[in-house]
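Protein chains in written order, with the working numbering: chain Z, 5 to 409; chain S, 2 to 234.
If you are wondering where the hints come from, they were derived from the structure by calculation, not from laboratory data.
All values reported here derive from a predicted model rather than from experimental measurement.
It cannot be assumed that every hint is accurate.
[Stated by the list, open to error] Below 25 Å or equal to it, Euclidean Cα-Cα: the simulated BS3-like pairs (lysine-lysine) are:
id: 1; chain 1: S; residue 1: Lys68; chain 2: Z; residue 2: Lys22
id: 2; chain 1: Z; residue 1: Lys12; chain 2: S; residue 2: Lys117
id: 3; chain 1: S; residue 1: Lys72; chain 2: S; residue 2: Lys31
id: 4; chain 1: Z; residue 1: Lys96; chain 2: Z; residue 2: Lys252
id: 5; chain 1: S; residue 1: Lys117; chain 2: S; residue 2: Lys85
id: 6; chain 1: S; residue 1: Lys68; chain 2: S; residue 2: Lys6
id: 7; chain 1: S; residue 1: Lys226; chain 2: S; residue 2: Lys6
id: 8; chain 1: Z; residue 1: Lys111; chain 2: Z; residue 2: Lys184
id: 9; chain 1: Z; residue 1: Lys12; chain 2: S; residue 2: Lys125
id: 10; chain 1: Z; residue 1: Lys327; chain 2: S; residue 2: Lys31
id: 11; chain 1: Z; residue 1: Lys22; chain 2: Z; residue 2: Lys12
id: 12; chain 1: Z; residue 1: Lys327; chain 2: S; residue 2: Lys68
id: 13; chain 1: S; residue 1: Lys136; chain 2: S; residue 2: Lys117
id: 14; chain 1: Z; residue 1: Lys153; chain 2: Z; residue 2: Lys118
id: 15; chain 1: Z; residue 1: Lys118; chain 2: Z; residue 2: Lys184
id: 16; chain 1: S; residue 1: Lys125; chain 2: S; residue 2: Lys136
id: 17; chain 1: Z; residue 1: Lys327; chain 2: Z; residue 2: Lys12
id: 18; chain 1: S; residue 1: Lys226; chain 2: Z; residue 2: Lys327
id: 19; chain 1: S; residue 1: Lys72; chain 2: S; residue 2: Lys85
id: 20; chain 1: Z; residue 1: Lys157; chain 2: Z; residue 2: Lys118
id: 21; chain 1: S; residue 1: Lys136; chain 2: Z; residue 2: Lys12
[Said to hold, decoys possible] Output of the computed footprint for chain S on chain Z, the stretches with three or more beta carbons under 8 Å from beta carbons of chain S:
id: 22; segment: 12–22
id: 23; segment: 159–169
Here a beta-carbon is modelled for each residue, glycine too, at the ideal position from N, C-alpha and C.
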Amino acid sequence: MIATDILKETFWSLSANKVRSGLTMLGIVIGIASVITMVSIGQGAQASISTSIQSIGSNLIIVRPGAQRSAGISGGAGSNTTLTLDDASAIKSEIQNVQAVAPEDSKRAQVTAKGTNTNTQIVGTVADYAIVRSVTLEAGTFITDQNLKSSAKVAVLGSTTRDDLFGTGANPIGQIIRIKNVDFDVIGVTIAKGGSGPTNSDDSIYIPITSAQHFITGDTFVTTINVAATDQNSMVAVQSQISELLLKRHNIVDPLQADFSLMNQADIIATASSITGTFTMLLASIAGISLLVGGIGIMNMMLTTVTERTREIGLRKAVGIRKIYINLQFLSEAVALTFLGGFVGVALGWGASLAVTRFTSVATQISLSSVLLAFGVSAGVGILFGFYPARRAANLSPMEALRYE
Amino acid sequence: MIQCKDLKKIYVNGDVETAALKGITFSIAKGEFVAIIGPSGSGKSTLMHILGALDSPTSGTYLLDGKEVSKLDDNELSDLRREKIGFVFQAFNLLPRTTVLRNVMLPLLYSQTSEKEREERARKCLVYAGMEESKFFNLSNQLSGGQMQRVAIARSLINNPAIIFADEPTGNLDTKTSHVVMEAFQQLHQQGHTIILITHETEIANFANRVITIRDGAIESDIRKQQTITNNQ
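Okay, chain Z solo, but in the shape it has when bound:
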């Protein structure tokens, strides 16, 4: 009986003051929706960058010739000529927890096909490259060990290179391309991954490393050794073992004088994460401010409402309604307003995040903690400032309350 009365009174009260209730809820809705949307954009950015970095290979360690560099993400081979195919074989055979090793001899070159040409990265490598660098084929096959042994003149095209030479989406298998006056047969096309990481893997041509060394570069060295560890936990161990091994093979005693550098994929992710982390913090601060402003708005509306309804509280006391029922009614109104506004705000924030993803290319990822925080703050502020002032008014004598200006 009492509960239904309170609920009914709450409903009648809120609808008797539609404008005021609406404005209060608006503050809550906007505060919550903006927090959720902002944080989801930040989280989305972090997630998509992580995914991009993951897509270049997993548990990847990259060995490059040249002096040590700090967490650089810049591409390009070192100017040094100290890494060899034998180094790569040694890594594969002597170090534990290595899943696959793919040495690379890469160089940019002009490539022509019938009537078209392009300037692209020629990547001379081995069959295991597909495993180490997570390359999947759209059509055809990748380089095989047989191709390596025979220095076959075969090529696998990246999807962008295929588009540039043969037209978008065309099937180039069986066609001939010419690199440095040498004809190569196209045997495969890779699936597009999107531009990311040090080089754009879609704008590349993969040929056997032996063919690259014989026909294209004339090098006896390799420009990169890609190593895939078996799992994330062994990466640190594998990295230090590679370092030890190469120092020994190259007869270098002082590690600081190493003629190679190692780059750990986890490091790249960590760096990128800290950048997006800062970005997310920025967005969260903006969201936090908007939540604060929204909260002040809510507080303002609630206090004004109670002040204006002090006379009404006096009247209710004068006709004999007990203090506790008056308090319960106002508490119920505050809860109803904040919860209703809260749900609408969450729904709006959700919708806005989805809309951002759909209509722009910006990824979003809705975070539960932002929802709970925004909801919690709004509800807390609304109930605090909607209930306690009412409680104070209910403690006045009816005459004091009725006289209130």
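Once you have looked at the hints, place chain S on chain Z.
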């Protein structure tokens, strides 16, 4: 019905003490229609609010229907206001943007009556107070002054109070409407209700059959029609 003895009310504002009531003593029997009259500042409003249990005296005793009002706690006072008292205010004090019916039903909130029964009783009281049925669903801000006061009277009746108090009920109304409202009070009196009202107009006071005059916080005279009793205090 009502017995007050030596009621005093002192307002303290910083260093200044104002005595609004300086010791009021009188009794009112069941079925009387009493008007309390006095100029502004005489203390009649203060007295009315104490009698209506809306405020408490600084000292003195007030027995309403045998109960010592100053000894009641907050909940008991609320119960008293609800069950024994009907109050009509000068400024009407209706719930804003709420229908006539819901306004009259207000004192029945949280009681053990069904919504249907509450509406029934509200309708009866409104008819009793002379309100047209066509206006029952009007919002309070769509009514004239006289109509608002009639709604307020209906509201004061809904719990069958022992006493009806009216604080300058015609203060915000024109002469014609004032007379209509006062006739309504007279009718209620004829039906056996006990009514106490305050006013500063003699013309209004003469609708009652006992007039108590207050000046400067004390009773100056107490005159019954058909009988003359003077109490000089």
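Against the structure, the hints:
no.: 1; hint: S:Lys68 / Z:Lys22; result: violated (43 Å)
no.: 2; hint: Z:Lys12 / S:Lys117; result: holds (14 Å)
no.: 3; hint: S:Lys72 / S:Lys31; result: holds (22 Å)
no.: 4; hint: Z:Lys96 / Z:Lys252; result: holds (16 Å)
no.: 5; hint: S:Lys117 / S:Lys85; result: holds (23 Å)
no.: 6; hint: S:Lys68 / S:Lys6; result: holds (14 Å)
no.: 7; hint: S:Lys226 / S:Lys6; result: holds (24 Å)
no.: 8; hint: Z:Lys111 / Z:Lys184; result: holds (12 Å)
no.: 9; hint: Z:Lys12 / S:Lys125; result: holds (23 Å)
no.: 10; hint: Z:Lys327 / S:Lys31; result: violated (30 Å)
no.: 11; hint: Z:Lys22 / Z:Lys12; result: holds (15 Å)
no.: 12; hint: Z:Lys327 / S:Lys68; result: holds (21 Å)
no.: 13; hint: S:Lys136 / S:Lys117; result: holds (19 Å)
no.: 14; hint: Z:Lys153 / Z:Lys118; result: violated (29 Å)
no.: 15; hint: Z:Lys118 / Z:Lys184; result: holds (15 Å)
no.: 16; hint: S:Lys125 / S:Lys136; result: holds (14 Å)
no.: 17; hint: Z:Lys327 / Z:Lys12; result: holds (18 Å)
no.: 18; hint: S:Lys226 / Z:Lys327; result: violated (41 Å)
no.: 19; hint: S:Lys72 / S:Lys85; result: holds (16 Å)
no.: 20; hint: Z:Lys157 / Z:Lys118; result: holds (17 Å)
no.: 21; hint: S:Lys136 / Z:Lys12; result: holds (22 Å)
no.: 22; hint: 12–22; result: holds (count 4)
no.: 23; hint: 159–169; result: violated (count 0)
In this structure, the hints that do not hold are numbers 1, 10, 14, 18 and 23, in rising order.
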